[in-house]
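Trainee: Just need the whole structure built from these sequences, with the hints factored in.
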Amino acid sequence: MERISYISVMSNKVKMNGGINLAQGIPGFAPPEELINILAWISGGNFHQYAPANGNIKLVETLEQHYNPFGSDNIMVVNGATEAISLIFTYLNGIMPKNRTVLGFDPAYESFPRLPAIFGRKYVSFEYEKDFSIDFEKLERTVKDSKTGLMFVNSPGNPYGRIWSEDEFNSIKQIAEKHKVYVIADCVYSEIYFGKKPFRPLSDSRNFFYVNSFSKLLSITGWRIGYFIASKEHVSEIRLIHDYTGLCSPSVLQEAVAEYLDKYEFGKKYVTYLRKNMKVSFSLLKESLEACGFKVPNIEGGYFIWAELPKGFSDGLKFAMELYDKKKVATVPGIHFSDKGRKFVRFNIARPVKEIQEAGKRIKEFIFEKRE
Numbered sequence: 006m007e008r009i010s011y012i013s014v015m016s017n018k019v020k021m022n023g024g025i026n027l028a029q030g031i032p033g034f035a036p037p038e039e040l041i042n043i044l045a046w047i048s049g050g051n052f053h054q055y056a057p058a059n060g061n062i063k064l065v066e067t068l069e070q071h072y073n074p075f076g077s078d079n080i081m082v083v084n085g086a087t088e089a090i091s092l093i094f095t096y097l098n099g100i101m102p103k104n105r106t107v108l109g110f111d112p113a114y115e116s117f118p119r120l121p122a123i124f125g126r127k128y129v130s131f132e133y134e135k136d137f138s139i140d141f142e143k144l145e146r147t148v149k150d151s152k153t154g155l156m157f158v159n160s161p162g163n164p165y166g167r168i169w170s171e172d173e174f175n176s177i178k179q180i181a182e183k184h185k186v187y188v189i190a191d192c193v194y195s196e197i198y199f200g201k202k203p204f205r206p207l208s209d210s211r212n213f214f215y216v217n218s219f220s221k222l223l224s225i226t227g228w229r230i231g232y233f234i235a236s237k238e239h240v241s242e243i244r245l246i247h248d249y250t251g252l253c254s255p256s257v258l259q260e261a262v263a264e265y266l267d268k269y270e271f272g273k274k275y276v277t278y279l280r281k282n283m284k285v286s287f288s289l290l291k292e293s294l295e296a297c298g299f300k301v302p303n304i305e306g307g308y309f310i311w312a313e314l315p316k317g318f319s320d321g322l323k324f325a326m327e328l329y330d331k332k333k334v335a336t337v338p339g340i341h342f343s344d345k346g347r348k349f350v351r352f353n354i355a356r357p358v359k360e361i362q363e364a365g366k367r368i369k370e371f372i373f374e375k376r377e
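Under the working numbering, the first residue of the sequence shown is numbered 6, with each subsequent residue one higher.
It is worth saying that the hints were derived from the structure and are not from the lab.
Among the clues, some could well be false.
Below, a list of computed lysine to any residue pairs in the SDA-like style, where the Cα atoms sit at most 20 Å apart [said to hold, decoys possible]:
hint	residue 1	residue 2
1	Lys369	Val358
2	Lys300	Pro315
3	Lys369	Asp320
These numbers were taken from a predicted model, which means no experiment stands behind them.
Mentor: Here it is as structure tokens:
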């Protein structure tokens with residue numbers, strides 16, 4: 006897998022030279038107006054110093070209510086889901102035997118293979134079946150043979166928006182407990198779904214870590230407020246690591262989010278609006294891509310479309326670079342997420358309808374111009 010971040014490369018092209026950014030997972034929707042008004046009010050108060058180590062007291066209490074029966078000792082607020090995953094990994098890397106490997110499902114979110122590489126651990130890529138199902142007997146053999154110590158699970162996924170069922174998570178739990186494997190469940194897109202609501206993989210098992218954030222839920226990716234839920238023993242140890250790394254998420258922003266969630270039913274109205282718009286954008290871009298010859302697997306949720314290039318195109322990196330150069334539409338080549346993703350491209354669908362329609366038009370023009 007390439008070490009360069011093609012997400013940054015392609016996004017920076019748009020930031021520097023203009024165009025439509027379907028590369029980085031940046032929402033094209035404004036945060037809730039009520040949240041912005043609360044922030045303006047909160048910023049005049051006394052919330053400008055360090056927040057408590059495990060998070061703003063009111064915010065943690067709100068999370069306790071939302072994730073009952075998990076309490077404050079199980080919850081920790083950090084600097085976004087990315088830091089949550091990094092903190093958990095740093096901690097587990099220190100307690101896992103040196104010969105244990107890390108497993109992720111291909112294609113994988115960029116942090117999953119790159120964290121093990123940073124710490125010198127072997128990463129094992131596990132492929133879905135042709136129909137994108139999971140052969141759990143094969144998975145268990147792989148876990149056993151490769152001495153897996155940690156599995157990453159992403160639902161809905163990034164770059165491929167697959168949603169894991171309750172039965173599948175139960176199978177993962179059985180394997181994890183049998184072979185003493187830790188599981189990090191990354192669920193930052195849990196409220197972005199196009200059909201059935203995803204199963205919430207919370208577990209009282211000491212092997213499980215649940216990660217989420219408010220970045221995508223409230224369209225505030227720059228606020229960097231995420232959290233994780235785990236057993237008390239793990240949270241207390243990870244808190245010690247956080248004291249010397251991130252320390253705390255921005256205090257003023259935590260207070261504003263806490264106030265908003267308390268007053269507006271955990272953002273229910275806004276999330277319903279967001280989900281509706283995302284579904285429309287997804288359907289429009291999927292239709293445009295398929296009309297150009299792209300193969301789009303069954304995508305159930307999340308921010309992205311993971312698509313196989315049309316006939317006549319075999320290099321996703323070349324495709325992405327030329328598409329931007331010719332039509333100013335930025336995407337991410339599939340090799341960023343999978344060594345076998347050379348014929349794939351990832352598109353961000355969290356954009357306004359007009360932008361999605363214009364992007365679809367430009368992509369179609371590019372495809373047909375290349376074929377002439």
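Trainee: Hint by hint, which ones does this structure get wrong, listed from lowest number up?
Mentor: Of the numbered hints, all hold.
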